[in-house]
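Got chain A sorted already, so can you dock chain B with the ligands onto it with the hints?
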Amino acid sequence: MVNTKVCLCGIPLDNPVIPASGTFGFGYEFAELYDIDCLGTFSFKGTTATPRFGNPTPRIAETPSGMLNAVGLQNPGVDAVIEEELPRLAKCFHKPVMANVSGFSEEEYVHVCEKFDAVEAVGWIEVNISCPNVHGGGMSFGTSPEAAGAITAAVRRVTRKPLILKLSPNVTDIVSIAKACEAAGADGLSLINTLMGMRIDIRCRRPVLANGTGGLSGPAVFPVALRMVYQVYEAVKIPIIGMGGVSSAQDVLEMMLAGASAVEVGAANLVNPYACRDIIADLPREMEKYGIQTLSDIIGGAH
Amino acid sequence: MVQGIYTIASNKKIARDVYEMVLSGDTSALTAPGQFLNIKIEGYFLRRPISVCDWDGDTITIVYKVVGAGTAAMSEMAAGQTLDVLAGLGNGFDMRKSGGTPLLVGGGVGTPPMAGLCRRLVAEGKSPTVVLGFASREDVFYEDQFRSLGAEVRVATADGSYGVQGFVTDAMAGIAPSYFYACGPIPMLRAVSDALPADGQLSFEERMGCGFGACMGCSCQTKYGNKRICRDGPVLTKGEVIW
Ligand SMILES: Cc1cc2nc3c(=O)[nH]c(=O)nc-3n(C[C@H](O)[C@H](O)[C@H](O)COP(=O)(O)OP(=O)(O)OC[C@H]3O[C@@H](n4cnc5c(N)ncnc54)[C@H](O)[C@@H]3O)c2cc1C
Ligand SMILES: Cc1cc2nc3c(=O)[nH]c(=O)nc-3n(C[C@H](O)[C@H](O)[C@H](O)COP(=O)(O)O)c2cc1C
Ligand code: FES
Chain A
1 MVNTKVCLCG IPLDNPVIPA SGTFGFGYEF AELYDIDCLG TFSFKGTTAT PRFGNPTPRI
61 AETPSGMLNA VGLQNPGVDA VIEEELPRLA KCFHKPVMAN VSGFSEEEYV HVCEKFDAVE
121 AVGWIEVNIS CPNVHGGGMS FGTSPEAAGA ITAAVRRVTR KPLILKLSPN VTDIVSIAKA
181 CEAAGADGLS LINTLMGMRI DIRCRRPVLA NGTGGLSGPA VFPVALRMVY QVYEAVKIPI
241 IGMGGVSSAQ DVLEMMLAGA SAVEVGAANL VNPYACRDII ADLPREMEKY GIQTLSDIIG
301 GAH
Chain B
1001 MVQGIYTIAS NKKIARDVYE MVLSGDTSAL TAPGQFLNIK IEGYFLRRPI SVCDWDGDTI
1061 TIVYKVVGAG TAAMSEMAAG QTLDVLAGLG NGFDMRKSGG TPLLVGGGVG TPPMAGLCRR
1121 LVAEGKSPTV VLGFASREDV FYEDQFRSLG AEVRVATADG SYGVQGFVTD AMAGIAPSYF
1181 YACGPIPMLR AVSDALPADG QLSFEERMGC GFGACMGCSC QTKYGNKRIC RDGPVLTKGE
1241 VIW
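Protein sequences appear in the order of chains A and B. Under our numbering, the first residue of the first sequence carries the number 1, and numbering increases by one thereafter. Under our numbering, the first residue of the second sequence carries the number 1001, and numbering increases by one thereafter.
This is chain A alone, in the form it adopts within the complex (with noise of 0.2 Å):
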């Protein structure tokens, strides 16, 4: 038998596969199709101070191996995530979940998670600084180190949870950032967020998505995230969770030899709906092809 568990930031999974935020919704809709307490954990909808409608529509557009989105981060906002949607959650998952955060300023990020710090069914807290579809903020956390230490401070302050900043790709350097966040506090880093994009339409002679531009995610930008996680595990000593376009047992094992602990498993939920069972269960198969028996053995092992 071949052992799939990992730790994340002092917290046991049982594997290291884990739905990412905004493809996964509340969890209710997959708790519909299979048990999702076979998932390490998962990382529910990107959560704010007040509620959003995000983006006007169209704010999905097809590309060649993914998909662009501008949803805009739609969520009922905090108060009601804790009050409805955790404990209708709590119905159908029984681990730890990833809490997963997103604002305007550092006090909208800071009243966040210090809501999420007293909720018990959150394990861990992940901190976007990177979702390019906001105007006004969201974006300019995670471009530049000096803003993402700052964010990272600022929330340090408010949760002894563990903390996962999670960073743009669409920056020149993301290893300094991943350092500034570690320097400032971080438990982890998850990378990464989608990558900015565009379509557009020939025969209107316009953008598809109604923001005109959209984050790109899916098996398109494997090589893009697996390039930055091998890059960033070199240059710090906190968990890293990998993500981006990992639709498969395989991606997983290259993502974890590249430096992840965890992974996130997105876009591929949206058009496999059981596409993390479906991973999970290839997993131990997987590995015993390559040899592996113990799967945290093997997290950097390509450096």
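No wet-lab data here; the hints were simulated from the structure. Treat the hints with care, as some may be off.
[Claimed, not checked] Covered stretches of chain B, as calculated for chain A (at least 3 residues, CB under 8 Å): (1) 1011 to 1019; (2) 1041 to 1047; (3) 1218 to 1225.
[To be verified] Covered by chain B, per the in silico footprint, the following chain A stretches (three or more residues, Cβ under 8 Å): (4) 264 to 276; (5) 285 to 299.
[Claimed, not checked] Label pairs and their in silico Cβ distance ranges: (6) Gly1100(B) x Asp35(A): 42 to 50 Å; (7) Ser1161(B) x Thr172(A): 57 to 65 Å; (8) Pro64(A) x Thr1082(B): 36 to 44 Å; (9) Glu146(A) x Asp1199(B): 51 to 59 Å; (10) Pro56(A) x Gly1160(B): 30 to 38 Å; (11) Gly1080(B) x Leu33(A): 22 to 30 Å; (12) Arg88(A) x Ala1029(B): 19 to 27 Å; (13) Arg206(A) x Asp1199(B): 51 to 59 Å; (14) Gly1100(B) x Cys92(A): 54 to 62 Å; (15) Pro56(A) x Glu1152(B): 36 to 44 Å; (16) Leu33(A) x Arg1016(B): 35 to 43 Å; (17) Asp37(A) x Ile1242(B): 36 to 44 Å; (18) Gly1225(B) x Arg206(A): 27 to 35 Å; (19) Asp35(A) x Thr1082(B): 22 to 30 Å.
Here a beta-carbon is modelled for each residue, glycine too, at the ideal position from N, C-alpha and C.
Below, chain B with the ligands without anything else, positioned relative to chain A:
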């Protein structure tokens, strides 16, 4: 919702760029006319949402128009080939509201879901009237199907080459339905809704990421709050739509 591999039983052209495909496989997740499938097409990342036209114990009929690469690829598929399908998506039409003499309005490829709805309404002893709108004579399909179900059918074409010249609303004159059901382009839905004093249900389209409620890609604002077209829709009631 179920995910399954469905076998194409037939795939034939029924009007200009419009195909009717019969799929055989699990139909257990279908609960109401107006629901849709989300179809994986080899070589394309996102699935294609297509309404269920009608279904029985082991087949599902869909009617689709070739508008881009995905639907073009579908049109070239032959009987015996298989498709990976998510079936039973969306709420569908609520038939309990129909009253005795409902009006069913279909615009272009908004027509297919009306077929399954019409057949079920007739089976319940209702007397539906069907109004269909198309661009031109070559685009018209399913007129005879509705008529053979016993429904009164009126057809409008925008260029006047067949039936009443104009839009569906031009062909609706004199009809005072107990209730209405409509599917088609948004300007048509709005015109139908405005023209009729009766209450009704309208089926909407939106670009979708997942089709089953997970990604928030297809949200719209209604008088009763935010709804996902794929999960809380595609059918909305007249009273909740914000135009
Ligand atoms: C709930 C619902 C039911 C539908 N039912 C039918 C039906 O019964 N018959 C039919 O002919 N068409 C139907 N459509 C529209 C159909 O989904 C599109 O025509 C189809 O996805 C186009 O795919 P393509 O690859 O040919 O076009 P492309 O333009 O190449 O597609 C590119 C991307 O845009 C998406 N897209 C393009 N047009 C639409 C659209 N109108 N709505 C949603 N997504 C779109 C595609 O799914 C794909 O992801 C329905 C749409 C929805 C949302
Ligand atoms: C529809 C959609 C919504 C997303 N929403 C969020 C979000 O709310 N917060 C966040 O941190 N990331 C969000 N993401 C980014 C994903 O969590 C993930 O980082 C990215 O999609 C790369 O992984 P993938 O290629 O496997 O999808 C979203 C992605 C998609 C496709
Ligand atoms: S398409 Fe994903 S929520 Fe509707």
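Hint check:
no.	hint	result
1	1011 to 1019	violated (count 0)
2	1041 to 1047	holds (count 4)
3	1218 to 1225	holds (count 4)
4	264 to 276	holds (count 7)
5	285 to 299	violated (count 0)
6	Gly1100(B) x Asp35(A): 42 to 50 Å	46 Å, holds
7	Ser1161(B) x Thr172(A): 57 to 65 Å	59 Å, holds
8	Pro64(A) x Thr1082(B): 36 to 44 Å	24 Å, violated
9	Glu146(A) x Asp1199(B): 51 to 59 Å	58 Å, holds
10	Pro56(A) x Gly1160(B): 30 to 38 Å	36 Å, holds
11	Gly1080(B) x Leu33(A): 22 to 30 Å	28 Å, holds
12	Arg88(A) x Ala1029(B): 19 to 27 Å	22 Å, holds
13	Arg206(A) x Asp1199(B): 51 to 59 Å	35 Å, violated
14	Gly1100(B) x Cys92(A): 54 to 62 Å	43 Å, violated
15	Pro56(A) x Glu1152(B): 36 to 44 Å	40 Å, holds
16	Leu33(A) x Arg1016(B): 35 to 43 Å	39 Å, holds
17	Asp37(A) x Ile1242(B): 36 to 44 Å	39 Å, holds
18	Gly1225(B) x Arg206(A): 27 to 35 Å	29 Å, holds
19	Asp35(A) x Thr1082(B): 22 to 30 Å	27 Å, holds
When the structure is compared with the earlier hints, violations turn up for hints 1, 5, 8, 13, 14 and for no others.
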